[in-house]
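S.K.: Construct the entire structure; sequences and hints are all you get.
Chains as they are written, first to last, in the working numbering: chain A, 1 to 364; chain B, 1 to 364; chain C, 1 to 364; chain D, 1 to 364; chain E, 1 to 364.
No lab work stands behind these hints, which were simulated from the structure alone. These numbers come from a predicted model, not from an experiment. Don't be surprised by glycine CBs; every beta carbon is placed ideally from N, CA and C. It cannot be assumed that every hint is accurate.
[Claimed, not checked] Distance ranges between label pairs, derived from CB positions:
| # | chain 1 | residue 1 | chain 2 | residue 2 | range |
| --- | --- | --- | --- | --- | --- |
| 1 | D | 173 | E | 35 | 43 to 49 Å |
| 2 | D | 279 | C | 217 | 52 to 58 Å |
| 3 | A | 132 | E | 35 | 50 to 56 Å |
| 4 | B | 253 | C | 69 | 39 to 45 Å |
| 5 | D | 117 | E | 156 | 50 to 56 Å |
| 6 | C | 49 | D | 252 | 40 to 46 Å |
| 7 | B | 253 | C | 243 | 24 to 30 Å |
| 8 | B | 132 | D | 279 | 44 to 50 Å |
[Claimed, not checked] Covered stretches of chain C, as calculated for chain D (at least 3 residues, CB under 8 Å):
| # | segment |
| --- | --- |
| 9 | 266-278 |
| 10 | 282-289 |
| 11 | 320-329 |
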Amino acid sequence: MIMSKVNASKRKPGLIKKRGKKVGAAPGTLVHIGDISNALTEIHYIRYDRDAIHEQEIADVQQCAHEINAQQTGWINIDGLHNPEVVRSLGERFSIHPLVQEDILNTDHRPKIEVHDDYLYIVIKVLSFNETSQRLQAEQVSLIVGDNYLLTFCEQPGSVFDGVRARIRSGRKIRELGPDYLAYALIDAVVDNYFLLLEQLGDAIEDLEEELIQRPAANIVHRIHHFKREMLLLRKAVWPMREVLSSLSRDEGIITSSDIRLYLRDVYDHSIHIIDNMETLRELLAGMLDLYVSSSSQRLNETMKTLTLFASIFMPLTFIAGVYGMNFDYMPELHWRWGYPMIMLAMAGCGAGLLYYFRRQHWL
Amino acid sequence: MIMSKVNASKRKPGLIKKRGKKVGAAPGTLVHIGDISNALTEIHYIRYDRDAIHEQEIADVQQCAHEINAQQTGWINIDGLHNPEVVRSLGERFSIHPLVQEDILNTDHRPKIEVHDDYLYIVIKVLSFNETSQRLQAEQVSLIVGDNYLLTFCEQPGSVFDGVRARIRSGRKIRELGPDYLAYALIDAVVDNYFLLLEQLGDAIEDLEEELIQRPAANIVHRIHHFKREMLLLRKAVWPMREVLSSLSRDEGIITSSDIRLYLRDVYDHSIHIIDNMETLRELLAGMLDLYVSSSSQRLNETMKTLTLFASIFMPLTFIAGVYGMNFDYMPELHWRWGYPMIMLAMAGCGAGLLYYFRRQHWL
Amino acid sequence: MIMSKVNASKRKPGLIKKRGKKVGAAPGTLVHIGDISNALTEIHYIRYDRDAIHEQEIADVQQCAHEINAQQTGWINIDGLHNPEVVRSLGERFSIHPLVQEDILNTDHRPKIEVHDDYLYIVIKVLSFNETSQRLQAEQVSLIVGDNYLLTFCEQPGSVFDGVRARIRSGRKIRELGPDYLAYALIDAVVDNYFLLLEQLGDAIEDLEEELIQRPAANIVHRIHHFKREMLLLRKAVWPMREVLSSLSRDEGIITSSDIRLYLRDVYDHSIHIIDNMETLRELLAGMLDLYVSSSSQRLNETMKTLTLFASIFMPLTFIAGVYGMNFDYMPELHWRWGYPMIMLAMAGCGAGLLYYFRRQHWL
Amino acid sequence: MIMSKVNASKRKPGLIKKRGKKVGAAPGTLVHIGDISNALTEIHYIRYDRDAIHEQEIADVQQCAHEINAQQTGWINIDGLHNPEVVRSLGERFSIHPLVQEDILNTDHRPKIEVHDDYLYIVIKVLSFNETSQRLQAEQVSLIVGDNYLLTFCEQPGSVFDGVRARIRSGRKIRELGPDYLAYALIDAVVDNYFLLLEQLGDAIEDLEEELIQRPAANIVHRIHHFKREMLLLRKAVWPMREVLSSLSRDEGIITSSDIRLYLRDVYDHSIHIIDNMETLRELLAGMLDLYVSSSSQRLNETMKTLTLFASIFMPLTFIAGVYGMNFDYMPELHWRWGYPMIMLAMAGCGAGLLYYFRRQHWL
Amino acid sequence: MIMSKVNASKRKPGLIKKRGKKVGAAPGTLVHIGDISNALTEIHYIRYDRDAIHEQEIADVQQCAHEINAQQTGWINIDGLHNPEVVRSLGERFSIHPLVQEDILNTDHRPKIEVHDDYLYIVIKVLSFNETSQRLQAEQVSLIVGDNYLLTFCEQPGSVFDGVRARIRSGRKIRELGPDYLAYALIDAVVDNYFLLLEQLGDAIEDLEEELIQRPAANIVHRIHHFKREMLLLRKAVWPMREVLSSLSRDEGIITSSDIRLYLRDVYDHSIHIIDNMETLRELLAGMLDLYVSSSSQRLNETMKTLTLFASIFMPLTFIAGVYGMNFDYMPELHWRWGYPMIMLAMAGCGAGLLYYFRRQHWL
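M.R.: Printed below as a string of structure tokens:
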């Protein structure tokens, strides 16, 4: 059974991320905070314009940084934040504020957007649903959107940006527009991914609902609680995302191209839709718990009626039998010829009367 | 019984629509997303002005599109979205943005309004209540309102627009006004339809309430849960509708004619009224669950009092009978002449005393 | 008992009003929607200025309409909306928009205010509480406030406006001011009536609370549910009323006289006060249900303790008696001289021990 | 015990105040509405400037009214609203609007502020907590703040203003500032009094919480309900107070002196703080009810485990004893030499097995 | 066990702070209100500019106050508010409004910000979590931010500012900026401390959740209640903090340096994040109580099924045995050769039939 895994010895990942080593440091101190630490930091670099595309895996960020020029769009993707040095050197090259550098390394952030003079800083969350453990996993992605460059920082290598890379390579519209469109395309990919996630969660929750209605297993309330808990994590990621997209799609001072704002408006609509679905699932879970408690109370009633029925019928009969089991010397009924059949009849009548009474009370 | 159908083998339609094949595609990719797919796409075309009306079923959208001119109003209604080609060719003819074309085909949208330079794009939901399965069904309808044309896209043929068509044919006020009034008339028909729906839902829910008060069946909590679930679907359709109508009726930049805004204001008031009724039903359902749990707890109390009463009276009596059923050689009472009547009297007194005690405790 | 009436065969009036015959009709179609239909339409007509007053019951609205002039204030009150003809002819005389005429006849409206060029259209609800059936009844009243006339449309004759008529006749301040003051006076009378209603409801609910605390009858949860349901109806009428009064008292474009806005501000304050009281009653009802469930759970605990006490004491004793009722040939205790007293003592000791144990557990 | 008083024969004061005699009267009609009616109306009059102070109890308001002049501040305090004549004559002297005069006499008002041309009209509530009956009592106080006078109307004589009077007499800062500072000082005294009230309520509620955790008495849910009800009364008084203070401290058109607005801002902060504390107590009460229900359900579980344990062990044993108490002629076991010890051993084994089973189920 | 301490004789600190001795005093009266009173008031004084730093413990505030000049930043930290004289003399030296002086001494304040002409007055709360008593402790800290000085008032000596002092000594960026940056650094340290606190609370609550799922102890609902109560305290401190930081980071009239506002914006984001985490923990606690009640209801069902099973099987069997234990003279079955085995078979069949019935009801 799945939940045995969930409840297994390995402790659940906490709802509150640990950031102990960071507390008390001066602002701007570069320390990586996060659960995911892969030894290797992979740097993927794409430079393109309408006509040409240049793509490579690089080892040193200095190598590519000077190549970026105003005619082309450069996208540097960092997978793995374990090494603060990469962030520092990129930060120096692109004049990124120390507080922003610090925030990139701290993976315990709400999605947010910060408008700086030369660039936008966007934090989003990529979520995935592990079907085996039935748990959500969140990865933080930071985007720095400059005039002619885009920097993305992921906690680990992943596939969510692959579709966008394919579109760049296949030379479509995306190549004609700048880093802001590219940023839009990445955010769109992330938000589209939420739909998949909600489908998976929705399926898992509706399977649970089906089981709850048909024949609930003993641990079903624990599993409902488990999903309510996962929804708490999901909300923390998705609600602030909506604010980010609202700013991006409405504020003319952030994204100047009205065409790209139109595209972002579309993503914003998707985020609203996702929130709608999410809240629907939350209410469904709440309703399921109500349903469980009500059904449980109903089943208890049924059980107790059964018990009361048996007890109320057999207790008087057993008492009567007990009376005629007494050993008094002078009990005339015991010696009557028809005493036994009469008393049996009396007991049958008593049982039948009680049954009739309970039927009239709608207990049967 | 109805619910046996509801709980039957066929899985309930999920609360979260599947859009798997779409995720990851480039924006503007035309793919149909939806549960309803009828092989045939029906195109209904009406062209009218104050004096004349021209109406036909057509096979190819190119055929009619060039006929539309500034003096007349043309309304093209598409039933069936299975074929993206129809949307593409209409989109080219009327210069509709690729994102809008994509949205028309994706039937998993919240009701919304988008203002483009040459046209309005409106998404609404037509709902129907299936009395047999006691379920809501939602169909998405898209409207493109241009200067002299109106395009409507439905998932399947339906009757909700028939009244409007009849009014066009019978040559009334509707013929003197343009596509914006026609769009109003269609939206009004859809919203009026919600009133019917709420009446049906309201009747079903109040029948359930009646049953709950009179004599609840075993599956009544499941049925209450079923309606709470349907209300979740309804809310997802109706709340955003209100925002759409608010924009349409208030923003002078969207609908310029103040007269039509007045009509739309009327529909807006209806949508508020519908939300009022919807929330009332939701609260009624919540109240019904509370009532069930309270009544259930009360019935349990009654059951347990009955049990306790029987047990508390017969257990001591059976014990006494058991004592005098013991086979000790030296039990003087057994040999008394009046032992049996005396002990019977004692038992009667004991039972009467207990009855009196429970009556004083208000248990009887 | 009152509730037996409430639960009687006659179906409760639905929370959702039926408007079936209207759905699908063209906007502006005049059809009466409502439960109250009295054959007769009564028309009451008062015309007054500072010096003179003219009052009569009339049969034909045409008769009086031409008399109204700029020097006087004319108030036409219609009781009974069964006949659309009356509304149509008044509508023609005073140039009232067809949508407004339609709304006057449709008694399923939220309270609202519409500002038209020549007149204000106000919809309010007059509520009454039937002490016998313990139910609220709502009647819709429409007001058309023109420059020198006021039209009021009621569903049935009632007494709520009588006080205002008396004040007109007795020649006080009301005669010196125009139809807007008269409209204020009528709305004030309606809102004052809500205070009476809330007192009645409050008394009924607090009687229920008293009973709940003293000794709740079996159907008390049904009666609490009944009042929660009535509160839903009340809210639907009162909340929008507040918005209407807010607009009237604040917006200088609606009522131009600042003095009358001051009076309306007073009514607005009353409506806030009524909402406060209403929400207090709602929370009281919710608290009463909580109290019921908690008390019920406490009583169940008491019942079960009684049962457990009896069972736990008498089951071991009965078992011991049963053992010495066995018919084995070789049971030495049976033949001891003091076997019977000893076993009786042992049983007494066993019962006393159990009693002591339960007392230590705070069960007694 | 305290609650026996609370539940005693005297009916609780209703949550909804009676204003029956007033409904239907013309606006501006002076009728006293309220529960407190003392035969005597006491009038206290202080007139002061920086240098001099004049104080007296007067019988007739006319006497003092003409003395007030622009150089001095006059404060007239009325205790007792039973006599409308006092309000009327003061109203005439200071040109107070009839609606305001009416509101002063109607003690069923929410706290509010009204800005008139020549004066401010402020309604506040003075609350006190009766430790014996554990009930809140509310008294309405009206303030009329003019250029050089302050009128205060209380329902009964009280001590809440005594501190302010002492400060006037002792010749401090308060004498140098006008009636608006005096009004501030009175409101500050009233709001400070709320802190005391919340301390008393908080103590009473936390005592209840302590009892709930240690060993709850039978009527504890009734007492929790009692305090929830009192909190409803408190909220009705305090929430609107916050709005009043917000207007007073922010709107430059109401209080022109920025220094006094600073003081009022301080009182406003206090009112926010009081609301915070109040809501904390409300949530604590809600949490206590949850705690009660959970603990109660836990205790029920314990009780039922005890019962089940006894029943499950003794029923089989009693059955076995019953079998060997049967009187069949041919029951070979009865005649075995070791039948009795064997069967006793079998019963002991059966009981031990059941005990072991229940221990493994964590029931012991 | 920890909770035994929590429930021990020492009364919990009340949710509502006592301020009795203060109520009724004139505004501006300097009285210390608070639970923490250490006899000694420690004064720590640092004066620095880019090049030099001067630090000392002083006894008399007059000593240092005159040294502060426009070229340097002076920070005076007061630990211990028991002595109003210190506040008064500092207040005189820096011209601090009497109401502010009063507020500094009153430790029962919500976090707030007040903008005065020459300085900012900020109130914040430093929280700590006592792992032994599992309780939150709140300490109030007041900041007066002037042009070239910063005054901080703490209730007791603590370590939360030590990191900032170290950064001043080590001569970094902090020395180049003025008192507003220093104030930012202190607030940042306090807010960072909240993260630690939430981690500790989160760990404690998730340990409780783990226990609840695995095997809940008897007092688990009391412990859940305990944490819900602590969350109430936490909310009262953190929510207003967010408003303070919002004002500081947005309003250009408060902090003029846009760079420092950027830093404050970062702290503001942290406060939002903390609120997110806090609300997540609150919902988790609510979910845990739901889980407890549901599981408890499920366990009760299991218990009652066991009881009903035993009772329903053994009661009929005991009755049958009782019948054949009766002493009637004429009971033919008793004398049959195979009577005993037949009746034993009949009882076995009866028991098996009941077992089969309950298995079909899914009770086994």
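S.K.: It remains to establish, for every hint, whether it holds in the given structure.
M.R.: Each hint, compared with the structure:
1. Between residue 173 (chain D) and residue 35 (chain E) the beta carbons are some 31 Å apart, a value that contradicts the proposed interval 43 to 49 Å.
2. Checked against the hint of 52 to 58 Å, the C-beta distance between residue 279 (chain D) and residue 217 (chain C) comes to roughly 35 Å, which is inconsistent with it.
3. Here the CB-CB span from residue 132 (chain A) to residue 35 (chain E) is close to 51 Å, well matched to the stated 50 to 56 Å.
4. Checked against the given bound of 39 to 45 Å, the beta carbons of residue 253 (chain B) and residue 69 (chain C), roughly 42 Å apart, stay inside it.
5. In this structure the supplied range 50 to 56 Å holds for residue 117 (chain D) paired with residue 156 (chain E), their Cβ-Cβ distance being about 54 Å.
6. In this structure the supplied range 40 to 46 Å holds for residue 49 (chain C) paired with residue 252 (chain D), their Cβ-Cβ distance being about 43 Å.
7. Between residue 253 (chain B) and residue 243 (chain C) the Cβ separation comes to about 25 Å, which falls inside the hinted range of 24 to 30 Å.
8. Range check, residue 132 (chain B) to residue 279 (chain D): about 48 Å between beta-carbon atoms, so the 44 to 50 Å window is met.
9. For the segment 266-278 of chain C, the stated coverage by chain D is satisfied: 6 residues place a CB nearer than 8 Å to a CB of that chain, which reaches the threshold of 3.
10. Three residues within the 8 Å Cβ limit are the bar, and the segment 282-289 of chain C against chain D gives 4, so the coverage statement holds.
11. Given as covered by chain D, the segment 320-329 of chain C passes the check, having 7 residues with a CB less than 8 Å from a CB of that chain where 3 are the minimum.
The structure shown violates the earlier hints numbered 1, 2.
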